[in-house]
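Protein chains in written order, with this note's numbering: chain F, 1 to 261; chain L, 1 to 384; chain P, 1 to 444.
It is worth saying that the hints were derived from the structure and are not from the lab.
Idealized CB from N, CA, C, for every residue including glycine.
Among these hints, one or two may not hold up.
Stated by the list, open to error - Some chain L residues well away from chain F (every beta-carbon gap over 12 Å; in silico): (1) 154; (2) 200; (3) 201; (4) 292; (5) 303; (6) 315; (7) 371; (8) 372; (9) 375; (10) 378; (11) 379; (12) 381; (13) 383.
As the list claims (entries may be wrong) - Derived pair list, reagent style DSS-like, types lysine-lysine, alpha-carbon separation capped at 30 Å: (14) F:103 <-> P:8; (15) F:165 <-> P:8; (16) L:335 <-> F:204; (17) F:237 <-> P:258.
Said to hold, decoys possible - Derived DEER-like restraints, expressed as beta-carbon distance ranges: (18) P:167 <-> L:364: 53 to 59 Å; (19) P:19 <-> L:111: 43 to 49 Å; (20) F:178 <-> L:137: 51 to 57 Å; (21) P:19 <-> L:82: 51 to 57 Å; (22) F:99 <-> L:319: 39 to 45 Å; (23) P:5 <-> F:172: 51 to 57 Å; (24) P:10 <-> L:300: 54 to 60 Å; (25) P:30 <-> L:56: 40 to 46 Å.
Here is what each chain is made of, one letter per residue.
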Amino acid sequence: MYTCGIDVGSVSTEAVILSRDNENPDAKGRIVSYVIIPTGASSKDAALKAFEEACLKASMSKEDVSSIVATGYGRINIPFANKNITEISCHARGVLNYFTAVKTVIDIGGQDSKVIKLDGSGNPVDFLMNDKCAAGTGRFLEVMARALEIKLEHFGEIFAKTNEKVDISSTCTVFAESEVVSLIGQGIDKNKIIRGLVYSIVNKVVSMVERIGLEEPVCMTGGVAKNLAVVKALEEKLGVKLNIPEEPEITGALGAAYLAK
Amino acid sequence: MTEPGGQIRNISNHFSNSFKTTKDERFRIGWLCTYTPEEIILSAGFTPTRILGEDRVNKAEGYFPINFCPYLKSSWESILNDINKLSAIVFANSCDGMRRAYDICKNYKPQTPSFMLDVPKINTGASLAHFSNNLSELAGFLEELKKSKIEFVTLKKSIELVNKKRTLLKKLNYYYSEFDGLVDDPDFFDILKLSMISEPEIFIQDLCAYLEKIAEESATIEIAGAGENNGFPPRIMIIGNFINESKLWESFKELNCKIAVTDLCNSSRYYEGLVEDKGNASKNNTIENLLVTVAARYLNKPQCMRMANLGIKLKEVQENITNNNIKGVIFFSMKFCDNTLLFYPLLRQHLGETGVQSLFLEIEHNNFSEGQVKTRIQAFLEIL
Amino acid sequence: MGFAENIKETIKIQIQKNLNRDYIEKILGIVGSWPVLPVYGMTFASKSDKYLNIATIKVIKKAYCKKYPVAYGSIFLPYELLHSLDLVPFLPEVMAGFTAGIGIADKTLKEASARWYTPDLCTFHRSASGAVELNLFPLPQFLICSSLACDAAQKTFYIDAKKYNIEDNFYLIDVPYKKTTDSIKYLASQLEDISASISKKMGKKVDIGKFKNTIRLSNEFRYWAAKVNDIRKELLIYPKNFNGLSFILPFHALAGTKDAVVIYKNIYFELKDFLEIQKGSSGNKKSGSNIKIKQDIGKTKRILWLHLKPYYKNNIFEILESNNYRVVFEEISQVYWPELDEEKPFESLALKMLSHPLNGSVENRMAAILEMVRNYRIDGVILFSHWGCRHSNGSARIIKDTLKNNNVSTLILDGDCLNKNNSSEGQILTRLQGFMEIINSKQS
C-alpha cells in the first residue's frame with residue numbers, strides 16, 4: 001500500500017510517498033517519491049500542490065494513496081488529510097527509517113528548532129521547542145549570510161579555514177545583524193565572524209539540548225543539517241557524532257507517511 | 001477595553017442573572033490575590049469582584065518595567081480605565097509585583113482608596129495571630145469606607161455564603177473532571193471566572209440550578225474513571241498561576257485533553273478549603289474569633305507557590321497525582337512570575353523521580369499563541 | 001598591572017580552569033593563610049580596600065574549610081544572630097557577584113538554564129543557583145532567608161536545601177509589611193524560635209553573653225559606619241577604585257564581628273585624611289601618587305546611586321569621573337537601623353529588619369532617598385535597573401516622578417549586574433552621556 005506524509009512548515013512544505021508492506025506496515029518502507037516546495041502564502045494550497053507533485057513524480061494518481069497524515073505548523077487546515085499529528089511524533093518516527101535506536105533528535109528548521117528525546121524504539125518521551133525566537137534557527141544564518149554577502153553553502157569550507165572566531169554577544173538576531181555589520185566595518189576578518197556566528201546558533205541549540213538531557217545516538221534533521229559548519233560545531237560542543245539522514249529536510253514528512261495507517 | 005467577564009459565552013443562558021450583577025456598579029471592592037478574604041468584604045456590605053486583567057496593556061506600560069507581571073500590568077490598565085467604578089481595591093502582600101502594584105495604585109489613582117493586606121509566608125501559630133490582626137485592620141478599613149460597623153451575625157452569614165459557593169464550585173469540578181464531555185473546558189473556566197466577579201447569592205442560585213441539570217445528564221454518562229484509563233484519554237493535571245485564556249480552554253476541548261485536576265490561582269486555589277466552624281457557638285461570639293477561623297482557612301488552603309515551604313506544595317501535588325491517577329502534568333506560567341517559575345525545577349525533578357511526564361508552557365498573557373501552544377499540548381498527549 | 005592585580009588575574013584563570021569546590025577551597029587555603037594574606041593585604045594602597053579584601057577572604061575561607069558550621073544567608077538577615085550561634089555566614093547572592101568578577105558567570109548561568117531556572121530571573125539568584133548545581137559552593141548545615149527584600153531567594157534557597165537534603169534546616173523569616181509594635185513582636189518571636197531551633201540542632205544552648213557581645217560589636221560597627229557616611233557628605237576625592245558598592249559583604253554579613261569594626265574604623269580614618277586634603281588643610285606626607293585632586297572640585301556633580309552595579313569589568317564609574325561626576329553615596333550604604341539594645345536582642349534585630357527602606361511600601365524607600373538627596377546635596381540620581389529585579393525596578397516610575405517634583409533628575413540605567421551579554425556597553429555610555437548633558441545644562 002501507499003501512504004503519504006505532508007509536512008507544512010512556515011517556510012517550506014514537503015511531501016513523501018511511501019510504499020509499505022500490506023502485511024507488515026511497521027516494516028521499513030520504500031520512499032517512492034518526495035517533493036520540497038516553498039509554502040508561500042497559503043499552507044492549504046501548498047499542501048495540495050506538494051501532494052499532487054509527489055503523486056506525479058511517483059507516476060500514480062491521488063486515489064492510489066490509501067492514507068495521508070499532515071504535520072507541521074499548517075497541519076490543521078488540510079481537509080484532504082486523514083489525520084494530523086505533530087512534528088514531534090513525526091520526526092521521531094522519521095529518523096527510525098535511517099537509524100535504529102536513536103535517543104535524541106535535533107531538528108533545526110528554517111524558522112524553528114526542536115530537540116526530541118526518544119525511547120530507542122522511535123517513540124518520543126520528551127521534547128523542547130523554540131518557535132519564538134529566530135536565533136537558533138535557519139533564519140539566523142540566512143540573515144547573517146546576507147549581511148556578509150557570502151552564500152550559506154560556503155559556510156562549511158570557511159569554517160574549516162580558521163580556528164579563530166570573534167564572539168557575537170547579541171542574543172537577538174536583529175541586533176546580531178547590526179553587530180556583524182559593525183564588525184565588517186571595523187575590518188574584522190569575515191572568516192572569524194562566520195565562525196562566531198556558527199557558534200552562536202550552536203550555543204542556542206546546545207542550551208536546549210542540555211535542558212532535555214543528551215543521550216546517544218543523536219540524529220540531526222532539518223534543512224540546517226546540510227550546513228557542514230553547523231554540524232561540525234555542534235558535534236564539537238556536544239562531544240558526539242551526529243547521524244544525519246540523506247535528505248534531512250523530509251524527515252517530518254517521512255515520519256508522517258509512516259504514521260499514516 | 002473589555003467588560004469584566006466579557007468573554008463568557010456558552011453558559012450565559014444558565015447564568016444570565018449572575019451576569020447581570022456584574023454590571024452593577026455600586027459598592028464593589030476589587031481584589032487580585034486569592035488570599036483576600038471575600039467574606040470580610042461581603043460582611044462590610046460590598047460585593048467583592050476580582051480584577052481579571054483582561055485589558056490589553058496600553059497606558060499601563062509606562063508605569064511598570066517591561067519584565068513585570070503581565071497580570072498586574074493588565075489589571076492596572078483596567079484600574080486606570082475605571083472598570084467597575086470600584087469603591088476601593090484590596091491588594092495583598094503576596095509577591096514583589098503586588099507590592100509595587102499597590103504603590104503605583106496608591107500614587108497614581110489616589111481617588112480610589114486602596115488597602116494592602118499583609119499575608120504571612122509561613123503557617124504557624126504566630127503567623128495565624130498576626131494574619132488575624134491584619135484581617136481586623138482590613139475590616140476597619142471597610143467599615144470606615146461604608147461608614148457602618150460589621151456585625152457578628154453579618155460576618156457569620158457571609159462566611160456561610162462564601163463556604164456554600166466554594167462547596168458548589170467543588171461539586172462543579174467533580175462533574176467536570178470525572179465525566180467526559182459533561183462540562184466543556186471553556187464552560188468550566190467561564191463559570192469559575194463568573195464566580196469571582198458576580199454577586200454571590202445570585203451566583204449560588206444560578207450554579208445550583210446548573211448543577212441540577214448537570215446531575216441529571218451525568219446519569220447517562222460513563223465515568224471517565226479515576227480507577228482506570230482503558231479507552232479514555234490520559235488524565236492530565238494542570239498547575240500554574242493566573243491562567244485566564246479562553247483560547248487555551250478551547251484548545252483543550254479540541255484536543256480532547258482530559259483535565260482531571262486543576263491547581264491554578266483561578267481554580268482550586270480559589271475555592272478549595274472551607275472556613276471551619278469551631279463549634280461551641282456561645283464561646284465564639286466575637287468577631288475576633290471569627291476572623292481567626294477565616295485567617296486559618298486562607299493559610300491552610302492549597303498553597304500558592306509564594307508560600308515558604310515548597311515541600312508542602314510538592315506533597316500537595318503528589319497527593320493530587322496519586323489520588324486522581326494522573327498520567328501527565330502541564331505546568332503553565334505567565335512570564336516573570338518568579339514564585340511560580342522557580343517551582344518548576346523542583347517539580348520537574350520530583351516528577352522525573354516518580355516517572356510522571358511534565359510539559360512546561362510559558363504563555364503570554366492576553367497574547368495567546370494558539371498554534372504554538374496547541375502543538376506542544378498535542379505532542380505531549382501523543383507521547384503519553 | 002600591579003603585583004596584586006597579577007595575583008588576582010592568575011587566581012581567576014586557575015579557578016576558571018579548575019571549576020570545583022575542592023580547588024576553590026585549596027586556593028582559599030593558600031591565599032587566606034599566614035603570611036600570604038597579610039602580604040596580599042599590603043599590596044593595597046588603600047586601607048579601605050586592604051581590610052575589605054582581607055576580611056572577605058577570611059570569611060569565605062572559613063566557609064569552605066569544612067571546620068565550621070556554615071549557614072547560607074540571604075542578604076538582609078540580622079547576621080548578628082548567626083555570629084552569636086558561631087555559624088559562618090555564606091551569602092550566595094554576594095558570591096554570585098564574585099562569579100562575575102572571576103569570569104565564571106557564563107558557566108553558572110548556563111548551568112542554571114540547563115536546570116530549568118527561568119532566564120527572566122535576576123542573575124544574582126540565577127548565577128548562585130547555577131553555582132550550587134555545579135557544586136561550587138561550600139556545603140551548608142543551615143539555610144536562612146527572609147522575605148526582605150525579594151521573592152527569589154526564598155525559592156532558590158529551598159531548592160538548594162532540597163539538593164543538599166537538609167529541607168528541615170531551611171528557615172524563612174517572614175518579615176511583616178509594616179513596622180508596628182505587633183509586627184516587631186511577631187518578627188522577634190520568629191528570630192527567637194529560629195535561634196532556639198538552630199541551637200538545639202547544633203547541640204548547644206543559646207549563649208546570652210555571646211549574643212550581647214555580638215550586639216555590642218554590631219553597635220560599634222554601626223557607629224563607625226555612620227561616621228563614614230557623615231564624612232561622605234562632604235567628601236569628593238576618594239582613594240583610587242573606592243566604590244561604596246563593594247562593601248556589601250562586611251556591611252551585612254559581618255555585622256556583629258570585630259572585623260566589621262576594624263574595616264569601618266579604617267575606612268573612616270582613611271576618608272578623614274582625604275577630606276583634610278580636599279579641604280587643603282593637610283600637611284600629610286601620605287598624600288601620595290594615587291591621590292588626584294580635581295582642580296575644579298567646586299564644580300563636581302554629586303550623584304546618588306540606587307541599587308547595585310555591574311560586577312564584571314566595566315567603565316561606568318570612569319566615565320562619570322572623567323566628566324567630573326562623582327557617586328557620593330549609595331542607598332546600600334545607609335545606616336538605616338537604630339542602635340541595638342543588648343537587653344532586648346531579638347526585638348532590636350527585628351526592629352533592624354523592619355527599618356530597612358526596602359521593606360513594605362515604596363514610601364519607605366522614597367523617604368530614605370529624599371533624605372539622602374538632601375544630606376548629600378545630590379545633583380542627579382542613577383537607578384541601576386538590573387534585569388529581573390522586580391521589587392526595585394517596579395518602583396522606578398515613582399522614584400523618578402517624585403525626584404522630578406523635587407527638581408532632581410533621575411537616570412534609569414538598564415543593564416545586568418552579572419551577565420555582560422545582557423548589557424550593552426554602547427547603550428550605557430549613550431545614556432550616561434545624555435544624562436550628564438541634561439544635568440550640565442540644568443546647572444548653567
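* Is the Cβ of residue 375 (chain L) farther than 12 Å from every Cβ of chain F? -> violated, 5 Å
* To do: Check the non-interface label on residue 200 (chain L): least C-beta distance to chain F beyond 12 Å or not.
  => The assertion about residue 200 (chain L) holds, with a minimum of 41 Å to chain F.
* Go ahead and decide if the range 53 to 59 Å is satisfied by the Cβ distance of residue 167 (chain P) to residue 364 (chain L). => violated, 34 Å
* Would the least Cβ to Cβ distance between residue 303 (chain L) and chain F come out above 12 Å? -> holds, 26 Å
* Classify the label on residue 315 (chain L) as holds or violated, using whether its beta-carbon is more than 12 Å from each beta-carbon of chain F. => holds, 25 Å
* For residue 372 (chain L), which was marked as not at the interface, is the minimum beta-carbon distance to chain F over 12 Å? -> violated, 5 Å
* Using the C-beta atoms of residue 99 (chain F) and residue 319 (chain L), is the stated range 39 to 45 Å upheld? -> holds, 42 Å
* Asked: Per the stated criterion, does the least C-beta distance between residue 154 (chain L) and chain F lie above 12 Å, as a non-interface residue requires?
  -> Residue 154 (chain L) clear of chain F: closest Cβ-Cβ about 51 Å, beyond 12 Å.
* **Pairwise beta carbon distance, residue 5 (chain P) to residue 172 (chain F), judged against the given window 51 to 57 Å** => violated, 35 Å
* Asked: For the pair supplied as a hint, residue 237 (chain F) and residue 258 (chain P), is the alpha-carbon distance within the 30 Å limit?
  -> Measuring from Cα to Cα gives roughly 49 Å; hence the hint is violated.
* Using the C-beta atoms of residue 30 (chain P) and residue 56 (chain L), is the stated range 40 to 46 Å upheld? -> violated, 59 Å
* Is the hinted range of 51 to 57 Å satisfied by the C-beta distance from residue 19 (chain P) to residue 82 (chain L)? -> holds, 56 Å
Of the numbered hints listed earlier, those contradicted by the structure are 7, 8, 9, 10, 11, 12, 13, 14, 17, 18, 19, 23, 25.
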